[in-house]
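As they're listed, the protein sequences go chains F and R. So the first sequence is numbered by the numbering used here: it starts at 54 and just counts up by one. So the second sequence is numbered by the numbering used here: it starts at 54 and just counts up by one.
Everything labelled a hint here was simulated from the structure, so no lab data went into it. Built from N, CA and C at the ideal position, the CB exists for glycine as well. Incorrect hints may appear among the rest.
Unchecked claim - Reference excerpt, derived from the structure (chain R facing chain F, CB under 10 Å, subset only): (1) T287; (2) V292; (3) P297; (4) V305; (5) D335; (6) L336; (7) F351; (8) L384; (9) K399; (10) S400; (11) R408; (12) E542; (13) R543.
There are 2 protein chains.
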Amino acid sequence: MSISDNSSDISLDTKKHSFSHIMAAAVLEMFPEAKFGVGPVIENGCFYDFILPRTLIPEDLELIEEKIKEILYRPLLFKRQELGLEEAVVHFRDKGQDLKVELLMDLKEKGTTKMDKEEKEIFDEGEVQVVSLYRLVDNNTGEILFEDLCKGPHVETMTEINGEKNSENKSIGFKLDKFSGSYWRGDQERGIDMQRIYALVFDNDEELGEFLFQRNEAKKRDHRVVGKDMKLFTISNLVGAGLPLMQPRGMVIRKLVEDYLWQIHEKKGYQRVWTPHIAKVDLYETSGHAAKFGDELFRVQGKEDEFILKPMNCPHHMQIYADNQFSYRDLPIRYFEPTTVYRDEKSGQLSGLTRVRSITQDDGHLFCLVDQIEEEVVKIVEAIKEFYATMSMDKEFWVSLSLRGEDHSKYLGEDKIWHQGEQALENVCRDLELPYKKVEGEAAFYGPKLDFVFKDAINREWQLSTIQLDFVLPERFDLSYINESGDKERPVVIHRAISGSLERFLGVMIEHFGGRFPLWLAPVQVKILTVNNKEEVLEYVNKVKLILEDLELNQPLKHNRIRSFVDDRDESLGRKIREAEVEKIPVIVIIGPKDLEDEMVSVRTQNGEQKMRLNQLKEFILNNTSL
Amino acid sequence: MSISDNSSDISLDTKKHSFSHIMAAAVLEMFPEAKFGVGPVIENGCFYDFILPRTLIPEDLELIEEKIKEILYRPLLFKRQELGLEEAVVHFRDKGQDLKVELLMDLKEKGTTKMDKEEKEIFDEGEVQVVSLYRLVDNNTGEILFEDLCKGPHVETMTEINGEKNSENKSIGFKLDKFSGSYWRGDQERGIDMQRIYALVFDNDEELGEFLFQRNEAKKRDHRVVGKDMKLFTISNLVGAGLPLMQPRGMVIRKLVEDYLWQIHEKKGYQRVWTPHIAKVDLYETSGHAAKFGDELFRVQGKEDEFILKPMNCPHHMQIYADNQFSYRDLPIRYFEPTTVYRDEKSGQLSGLTRVRSITQDDGHLFCLVDQIEEEVVKIVEAIKEFYATMSMDKEFWVSLSLRGEDHSKYLGEDKIWHQGEQALENVCRDLELPYKKVEGEAAFYGPKLDFVFKDAINREWQLSTIQLDFVLPERFDLSYINESGDKERPVVIHRAISGSLERFLGVMIEHFGGRFPLWLAPVQVKILTVNNKEEVLEYVNKVKLILEDLELNQPLKHNRIRSFVDDRDESLGRKIREAEVEKIPVIVIIGPKDLEDEMVSVRTQNGEQKMRLNQLKEFILNNTSL
């Protein structure tokens with residue numbers, strides 16, 4: 054059996070489930086008094102709940118893990134047996150497994166499963182007369198290591214998961230991850246204390262290793278932690294959850310991203326507009342957003358009018374368009390506005406920068422003829438590709454092309470324009486050779502769309518950019534342009550966002566770069582450290598600063614002046630260097646008394662430290678923009 | 054009697070009041086059946102209400118004006134007479150002046166004035182037994198031209214206001230301004246229709262002329278009209294009153310102003326921050342703004358929390374500061390954030406861009422030691438002077454220095470710090486030789502301040518910049534820095550705004566420049582007009598465009614790319630030129646077929662039209678930035 058056969062024959066879930074029985078068997082060998090709750094499959098593994106004679110300590114996990122490794126290579130079989138309900142009660146009562154008895158008695162009383170969390174694990178749904186149990190049996194001695202009420206399925210022999218020694222098959226990769234307290238059936242009132250052991254289970258060690266690496270990386274890169282260490286943003290209890298405030302250093306990055314987005318858009322003929330953050334309820338009733346967003350809307354009570362804190366910018370931009378009477382010659386009209394919209398998410402769903410209530414969209418709307426859709430979408434895709442190439446996220450991405458599919462009933466707008474619009478989007482995907490998947494029935498009710506999914510440095514996927522055609526809003530706001538015959542016609546609207554939201558994108562970028570931003574984005578690019586603070590050293594520092602002040606980067610953003618900072622505190626050089634490294638400063642310039650005579654500096658980057666002449670510093674920075 | 058004596062002897066209000074009697078006399082000569090209401094003094098003149106036998110037509114005003122001019126030079130005297138109430142009733146009944154009788158009867162009945170609008174004009178306050186009337190009497194013939202119930206005072210002879218022919222004294226300057234319908238005692242129900250004539254009255258013709266010029270200029274420059282003509286902003290009924298949306302061209306100006314402000318601030322060590330537009334009520338209760346702003350606050354109901362749409366940024370910036378532990382070495386900390394605050398003004402008080410509900414402040418806060426106040430305020434004043442010099446508004450300005458004055462009871466904070474703060478502000482005023490006025494008792498409760506009042510091109514005053522010390526907020530938010538001894542101390546906060554509000558400032562700028570923005574601010578700087586659209590002409594246009602695309606201005610804002618637009622419609626050149634002039638385009642480049650051969654262009658500015666070589670165009674624009 055080839056590796057791939059092995060993997061495809063038995064589902065990972067079956068392996069995880071069998072593993073949870075093996076883990077329980079190992080626990081039983083260590084604690085013969087153990088009583089058993091349930092042991093379900095979860096994402097990345099499984100857990101099992103036990104009542105144990107003492108509280109677990111971290112070292113127990115290692116012991117249990119050793120035991121599991123040994124059990125895995127015993128000649129064990131999973132054997133299924135079916136029992137009548139009454140028979141099963143007697144069986145588990147004899148074994149002293151009160152919790153199993155409770156589950157069976159409950160079932161007997163009700164005559165049918167109501168499928169609570171525990172029941173789902175072990176019983177089939179519906180009216181139950183007969184239950185199944187699985188035994189882990191030693192094929193040589195007939196000894197029963199462990200048995201459990203369980204609906205299965207399981208592997209049959211250990212060789213299906215242990216990869217057989219000296220064969221080419223691979224063993225599952227597993228690791229006992231952690232333990233925690235839990236309550237029987239989650240019922241804190243009854244207070245039956247259990248101990249839960251979590252295991253990670255993968256098809257093989259490589260996949261486990263990859264998962265652990267990625268999890269560890271994600272933890273190290275957690276933007277909530279890195280953002281705090283680097284002093285990028287602040288969550289304030291007085292301001293509220295999901296409403297992050299940008300510290301100066303976070304704002305440097307955010308403004309650079311915004312300026313860069315504008316640079317890309319300006320080249321492509323966009324015009325900036327500005328709209329207020331509230332509007333009368335009437336605006337959103339006309340647009341349909343009042344109904345769509347429901348209780349996610351922040352409602353604002355004024356003295357005379359009722360307002361809504363804008364959840365979207367589209368209706369506002371429609372008003373800017375509508376105050377003109379454009380001709381076909383003026384189209385496409387392209388508006389760009391990076392601005393904050395507000396949505397009232399529940400506080401439990403909020404987290405750092407990635408789940409927020411204040412969402413600053415790099416929003417834009419285009420108004421064009423049907424014939425112009427394709428050309429305009431091409432330009433937007435170019436902008437998206439340029440942006441994500443700059444962010445080193447363009448290596449692997451894919452595009453979801455959402456279409457109406459067969460059933461047209463839930464979509465508004467004429468068939469003809471839908472057909473043209475869908476065709477235009479697919480043409481773009483094909484012409485630009487985008488890796489796209491068609492998803493039928495997933496279009497918005499107002500039009501088809503393209504969603505862009507990018508992978509970060511640790512291979513996590515993020516849905517970030519979107520391009521959406523809209524055949525409905527122009528109708529609702531009675532938008533028009535004058536065509537060649539002098540008659541009014543409806544334009545098509547295109548919604549588009551490149552980064553999606555500046556808050557979320559900053560969160561993604563912090564984790565993608567692990568806080569080590571490329572030179573052009575680093576809040577402080579150069580830190581000058583002094584070994585001592587003698588007058589002549591400080592004079593030399595000023596000389597270095599003057600050189601840096603004159604320096605600007607022009608890629609990818611034009612006129613991006615170098616941001617430098619002098620650390621001339623009376624601290625040891627070692628401490629100053631450590632602090633600069635925690636702050637992830639790309640270029641650290643160290644100045645000691647000996648450097649003065651020859652006009653030298655020591656420059657420390659992630660690639661090491663080197664001495665150079667002061668007049669080489671400028672060149673060095675310009676040649677190392679990938680730092 | 055010197056001119057100045059004349060002016061100072063008799064108040065302008067007395068002159069206006071006498072003028073209203075003279076105007077009534079003129080009306081009486083034209084309409085002997087006229088009945089008289091009241092004729093009060095108002096800003097810039099007076100009005101009089103009449104019941105007339107027919108509706109006035111515009112030509113009547115000219116006739117009345119002629120008559121007034123003639124009456125002014127008759128030998129007339131104002132004579133006062135006192136009459137008992139009963140006597141006065143009989144007198145005016147005999148004259149058929151029913152309205153005067155009504156006022157007298159009312160007074161007789163009540164025994165005292167309750168001082169409604171009409172009574173205030175003619176009776177003294179309090180219990181009234183005797184009333185006064187003024188007669189306009191011909192000193193030669195004894196003829197009574199007009200008499201009116203009136204408490205006075207009036208001039209005695211016409212020479213006090215007609216400047217006497219052939220003397221050096223100046224006549225009052227007057228003009229009948231307009232007429233409109235009104236109701237007796239403002240009571241629409243009673244329906245006694247009256248006709249009101251408004252007069253402008255000034256000390257002399259020069260002052261009248263200046264007023265008329267300024268009013269006419271203000272009307273021509275009205276930002277609501279110019280903003281519409283130039284397509285700078287939009288007021289939408291669906292979005293709501295006082296919530297202007299920026300059209301692309303308005304946004305060009307607004308962004309340039311914002312970028313320029315940031316350029317000024319960045320040089321002076323400010324850091325940008327960003328804060329959300331809502332915060333929990335708790336934040337504003339801590340800061341004291343919840344109580345201070347009362348029903349001007351927009352309250353936002355969330356699912357879980359109650360929020361407020363921020364009316365100020367200060368409490369937010371305090372939170373950004375508070376999330377750091379700064380040392381005395383880090384101070385001053387300077388935050389800059391151009392962001393929109395919201396205040397719920399009544400819709401009747403809203404107008405264009407100058408009275409709005411969405412106010413985008415170029416806000417900033419500094420945190421410093423007491424000893425640093427003076428130096429920091431100097432830097433802010435430098436920023437203000439640089440900004441308003443660029444806007445050509447720095448010729449005449451003055452500064453109001455608001456201090457506590459004698460009574461300290463309404464101010465919070467220690468005496469010592471108040472003394473230091475007030476001293477620092479006054480030192481700055483003196484050292485920088487600012488034209489300042491001390492205003493005692495006008496400080497904010499939290500600290501002393503400087504307010505800057507600038508004059509626009511038509512001499513109207515605008516209070517725009519402000520610098521305010523705050524000794525209270527740092528206390529309320531428990532802000533601190535670590536001093537040299539390692540102990541915590543409170544910083545001083547400085548609030549500052551340069552333009553005040555980007556909306557209001559744009560409104561002021563539109564009127565100051567009359568829409569004719571200086572080159573660096575003009576939304577479209579160059580418009581290229583084609584005489585015809587032959588292929589070779591359009592090719593030449595592209596050549597011109599390429600030259601312009603390469604061109605950027607670097608004063609006052611760096612890297613300000615030239616914004617050009619091609620008008621190649623099939624319209625007559627005359628029409629294209631007229632439209633470009635309505636749009637107030639600084640540089641109009643006209644391209645005809647004859648220009649191609651010699652690579653010439655015609656360039657039209659407000660200074661006239663001239664032919665030049667295409668390769669001179671760049672130089673011409675760079676040398677004419679004051680256009």
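Each hint, compared with the structure:
1. T287: holds, 4 Å
2. V292: holds, 4 Å
3. P297: Cβ of P297 (chain R) sits 8 Å from chain F, so the hint holds.
4. V305: For V305 (chain R), the interface hint holds, since the closest Cβ of chain F sits about 7 Å away, which is under 10 Å.
5. D335: Holds - the Cβ of D335 (chain R) comes within 10 Å of chain F, reaching about 5 Å at its closest.
6. L336: holds, 4 Å
7. F351: Constraint on F351 (chain R) satisfied, holds at 5 Å.
8. L384: Violated: closest Cβ of chain F sits about 14 Å from L384 (chain R), beyond 10 Å.
9. K399: For K399 (chain R), the interface hint holds, since the closest Cβ of chain F sits about 7 Å away, which is under 10 Å.
10. S400: holds, 6 Å
11. R408: With a closest approach of 14 Å, the R408 (chain R) hint is violated.
12. E542: violated, 19 Å
13. R543: Hint on R543 (chain R): violated, closest Cβ of chain F at ~18 Å, above 10 Å.
Checked against the numbered hints above, the structure violates hints 8, 11, 12 and 13; every other hint is satisfied.
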